[in-house]
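Could you build all of it, start to finish, from the sequences and the hints given here?
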Amino acid sequence: MAADGSEAAALGETMHAMVRALYPLCRSITGDGVRETLRMLSAVHPIVQREVPSGTQAFDWEAPKEWVIRDAWIAGPDGRRIVDFRAHNLHVMNYSVPVRGQFSLEALRPHLFSLPDRPTLIPYRTSYWSPNWGFCLPHSLLETLPEQTYEVVIDSELKDGAVTLGEIVLPGESADEIIVSTHTCHPSLANDNLSGLVVSAHLAAAFARGPRRHTFRFLYGPGTIGSILWLALNEAHTRHVRHGLVLTGMGDDGPLVYKRSRLGDKLVDRVAARVVGEAGGRVIDYYPYGYDERQFCSPGFDLAVGRLSRTPHGEYPEYHTSGDTPEFVKPAALAASFEAARTILETLDRDRVVVSTNPKGEPRLGKRGLYRQVAGQASARPDEMALLWVLAYADGVHSLHDIAARAGWPFARIEAAASVLERHGLVRAP
Amino acid sequence: MAADGSEAAALGETMHAMVRALYPLCRSITGDGVRETLRMLSAVHPIVQREVPSGTQAFDWEAPKEWVIRDAWIAGPDGRRIVDFRAHNLHVMNYSVPVRGQFSLEALRPHLFSLPDRPTLIPYRTSYWSPNWGFCLPHSLLETLPEQTYEVVIDSELKDGAVTLGEIVLPGESADEIIVSTHTCHPSLANDNLSGLVVSAHLAAAFARGPRRHTFRFLYGPGTIGSILWLALNEAHTRHVRHGLVLTGMGDDGPLVYKRSRLGDKLVDRVAARVVGEAGGRVIDYYPYGYDERQFCSPGFDLAVGRLSRTPHGEYPEYHTSGDTPEFVKPAALAASFEAARTILETLDRDRVVVSTNPKGEPRLGKRGLYRQVAGQASARPDEMALLWVLAYADGVHSLHDIAARAGWPFARIEAAASVLERHGLVRAP
Amino acid sequence: MAADGSEAAALGETMHAMVRALYPLCRSITGDGVRETLRMLSAVHPIVQREVPSGTQAFDWEAPKEWVIRDAWIAGPDGRRIVDFRAHNLHVMNYSVPVRGQFSLEALRPHLFSLPDRPTLIPYRTSYWSPNWGFCLPHSLLETLPEQTYEVVIDSELKDGAVTLGEIVLPGESADEIIVSTHTCHPSLANDNLSGLVVSAHLAAAFARGPRRHTFRFLYGPGTIGSILWLALNEAHTRHVRHGLVLTGMGDDGPLVYKRSRLGDKLVDRVAARVVGEAGGRVIDYYPYGYDERQFCSPGFDLAVGRLSRTPHGEYPEYHTSGDTPEFVKPAALAASFEAARTILETLDRDRVVVSTNPKGEPRLGKRGLYRQVAGQASARPDEMALLWVLAYADGVHSLHDIAARAGWPFARIEAAASVLERHGLVRAP
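Which chain is which? The protein sequence lines are A, B and C, in order. Residues in the first sequence are numbered consecutively from 13, following the numbering used here. Residues in the second sequence are numbered consecutively from 13, following the numbering used here. Residues in the third sequence are numbered consecutively from 13, following the numbering used here.
Source of the hints: derived by calculation from the structure; they are not laboratory data. Small disclaimer: the values here were computed from a predicted structure and weren't measured. One should not assume that every hint holds.
Treat identical chains as interchangeable: a pair holds within one or across any two.
[To be verified] Capping the alpha-carbon separation at 20 Å, the derived lysine to any residue pairs in SDA-like fashion look like this:
| hint | residue 1 | residue 2 |
| --- | --- | --- |
| 1 | Lys-171 | Pro-65 |
| 2 | Lys-379 | Leu-170 |
| 3 | Lys-372 | Pro-442 |
| 4 | Lys-77 | Arg-393 |
| 5 | Lys-77 | Lys-379 |
| 6 | Lys-379 | Ser-142 |
Structure below.
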């Protein structure tokens, strides 16, 4: 399934084109921007949309009203728009309530958000759970605003509607599930998280093509409330979840970063540590901030879900600003992120325990054509070594991933040897 | 409870004044020097004295006879005292039997102890368990003694009396105990162990002021036989001991050193390692030599007792010599030792396991006024992060100390967050 | 039991003389070369030979036919022998079937083996399990062979016979066994494995002299099939095997290398790691290639057997070539290997758990004459410290090896202290 160099390059470009196409939509935790985003992603693999009505209870939370944003601006006495939603959807604070009136600069100021340390960038701000309104603008612009009367309009609406969740289910041989979760709620921000959405969609397409031991479930929803709603609506089902990844920030040019699950001792943690380490990335411990791993890992669920990203949230200056553009996202980074996620998921899917059918002494590989006949050389040939590694630890305790980790070899090489041994009846399922 | 800089400085001076006041007394494993020491320490917090009669059996040991020392000297033919107990109580070997007679230098020599490598210092020697007598003197003085007849007098007595133990008990919400043990038996030696005594007394006074989850027990007794007697007389009670510290050598200007309990895997070991590490100190493994940790950690008790000191015994040239004066002890070191011990004990007392009342997904902190309403910033505010750390690991397994260690934060900060969550009903005792 | 310097030197010379004496014999996995080798080794300690008939089934294997080799050569048209078994027994591929005929160089070439990267050395090649024949020769000679007709003779025979196994059993106080296994099948190769054979024989002689807690069993047989036959013929008995070592490559001048048992967590692994580490050697993890540890550690047996060598197989250019001569083997290396193996085996034999008879507080060593009477010095005397180490951990859990590892001291010193305490009734068997 691994892509060679030119396939990877092509895939990176394909994903980047989709980032560009999705970028202009104004997404939020609800609304048509999300619906259209999922519809466009369905070109890669069909995503089923589910509408969860406003007011639906979910543990300590409830589904919010749906936010409709049509237009928003701040205009001067001359009627010229100084801050304009149509120029950039980050200009309006996400979930702003409607407002229409005349404001002095002083009265307006508590509703204006800027970044003094990055004066050219528009920040991203939200107020989902407390009725409020606001505008986000470059600090350099804010500083030039004269004392005068401003016309302020936010043509928005908070109505009974729904939270839109998206899902792709790829049934496998087993009901055991691997979940891949990506948040859909950010407006025109490319790395966070259009990059995650396009990588997830292409992973779904890739795993749809092959045989799967596990059922794969790709989840798309708004951060926090989306995963909480999914968990509440599928609480009994979560017992099938064996492994999972949250994908975000897949496109900047920093190294890969894997954030361990809450207890850090799960198979996904060991598998991802090897894959990310070999790719030159790094592994960090769980901390209770970030993305939807917070919900999947909450102590009442404690699912084996880690998070894969490149540079983590808040560690790059473009984060949550108008600097997070499609140009900030690199095709090669998207392709490398895809490949790392694919390798992790494939390993999770194919890892298994096998037991030797000849556990006492080694079986005679030579009489089965699996071993050279002239001996005495200084070392075994590599493929013979993979067979020997599997046989030595086909003890019903070590999984193929454990064996690969002991050997210091890629999982795929050990898995291939195990498949050969299975065909020859030398190992079998426990 | 933590002291600020000027309070700490004042406390250091107060403790140092008490070291100076206690220094002249001639202590031993028994006798009035110990009784007077405990009486003077009671000015800080009252210490209950208990007399354990000579001959009392305690496991493989028994309480010794009580030693009375009134005077001792070596005089020359002219009657001038060359070595004089009144000049320094280290001059007489502790527990010397009475002697009165004329000795040639040759006959006297087996009873003279000096330190050739530190010729100006008087060594400290004892012979508690084998009847013997001796004088300790600077090697430089020993080398000048002429061949002549010496008048030797030790006006001492070994009588049926008692071993004096001191105790402060501060009852807590629970019968579970934290013990703090300090040896009382060294004569005019300031760091070893007047420093431990004054720090212990001030810890008792500090913990007497606040609420306590555990019962605190401060023990004062002679090294080895004191702790063995206490263990023998309180054998059944030791099942209440959850944690403990032996305090010694708290005043030299070396870094803090924590010596782990026998198996090294107890909460006190983890807590002390963090506190001492943050203070720039170091942690060493258990070894079967040193102070009363040897008895508390003996395999038949195996209590979770570690040892806190600054430079360990034998690792500074003034150790067990007349060089261990009040000037060798620094007020700032006493204050820093107090603060480290206080932090360790407070953490041991307040550490607890809590469980989330909303374990599935995160609870909505915002609707309880515990979280900002405008979101999107790069990182959570610090106090919000502490709440999230506690909630993420309020799983009935991790204690608050475990959570603080995961976060890499001071225990007090996590404990404060847990208290807030308890008040809001978001976590509770398991 | 430890030898001093001159004894070690003498032992090294004695072992080296035996390597030289055994070198000319043509060994294989069967045959008279092996029988004569075991007979000569019996001069050190009698080895019992057992003949396992050809065709005997053993798990996935069976005992092969016996190979008889009388002569072999390649001669030119002038009748002169160009390649001659009588000159070096490596010249004939081990287990070559009989051949007699005229061959062109082209027809002969598939049966000629050489090492282009080490052109002066004759390689060692075998074909035990697939009927074949061949000659091994220096690449420099191969390159000079003209296109002509060659007379080729291998005067060999494959007949129903036996595999010869050797065994020394030294009964101990217990039926628990320590096994030492060495392969016998290599022809004129000195380090691999005459060095192992002579060290093993001298270890047997050394342990035959002293008291033994365990039964020692020294095994001698051909690689792979020998250990598989022994395991098959003694399958039920293997439950007595507590520890074991495979010995090989004991004579080159590289540092010692200990290869851990399959799971790496056995006592032999911990003991050998300390001994080899202190000798400046290194420890490597198990991997499923090498010598008979592959069979002893196979998952159906999973015996606690590690491997001791100097430079591992394949990591020196003389390996499996005519360069592995008696001169390549150094007497001092043989002696040091012997001493390391002896120390490991002695530790395995003498390690035990003891429990204190006075576990509450320390026992009074002084009244038993085990401790100085004048106290106050900066540190305990070393032998007192060994007593204290044993008493502190005589808890029924720690073995003497565990205690030695905690103390960072040689096992023998802790064991000596434990023996003193046993004599005084201060510790006893659990």
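Against the structure, the hints come out as follows:
1. In this homomeric assembly, Lys-171 and Pro-65 come within 20 Å of each other (Cα to Cα) only inside a single copy, at 11 Å, whereas the closest approach across copies is 85 Å.
2. Only between protomers do Lys-379 and Leu-170 lie at most 20 Å apart by alpha-carbon distance; the minimum there is 19 Å, versus 75 Å within a single protomer.
3. Proximity of Lys-372 to Pro-442 under the C-alpha cut-off of 20 Å is restricted to the intra-copy arrangement: shortest distance 16 Å within a copy versus 35 Å between copies.
4. In this assembly of identical chains, Lys-77 and Arg-393 lie within 20 Å of each other by CA distance neither inside one copy nor across copies; the values are 64 Å within and 27 Å between.
5. Taking the closest pair of Cα atoms, Lys-77 and Lys-379 come within 20 Å of each other only across two copies (16 Å); inside a single copy the shortest separation is 70 Å, beyond that limit.
6. Taking the shortest alpha-carbon separations for Lys-379 and Ser-142, only the inter-copy value of 9 Å comes in at or below 20 Å, while the best intra-copy value is 74 Å.
Violated hint: 4 only; the structure is consistent with all others.
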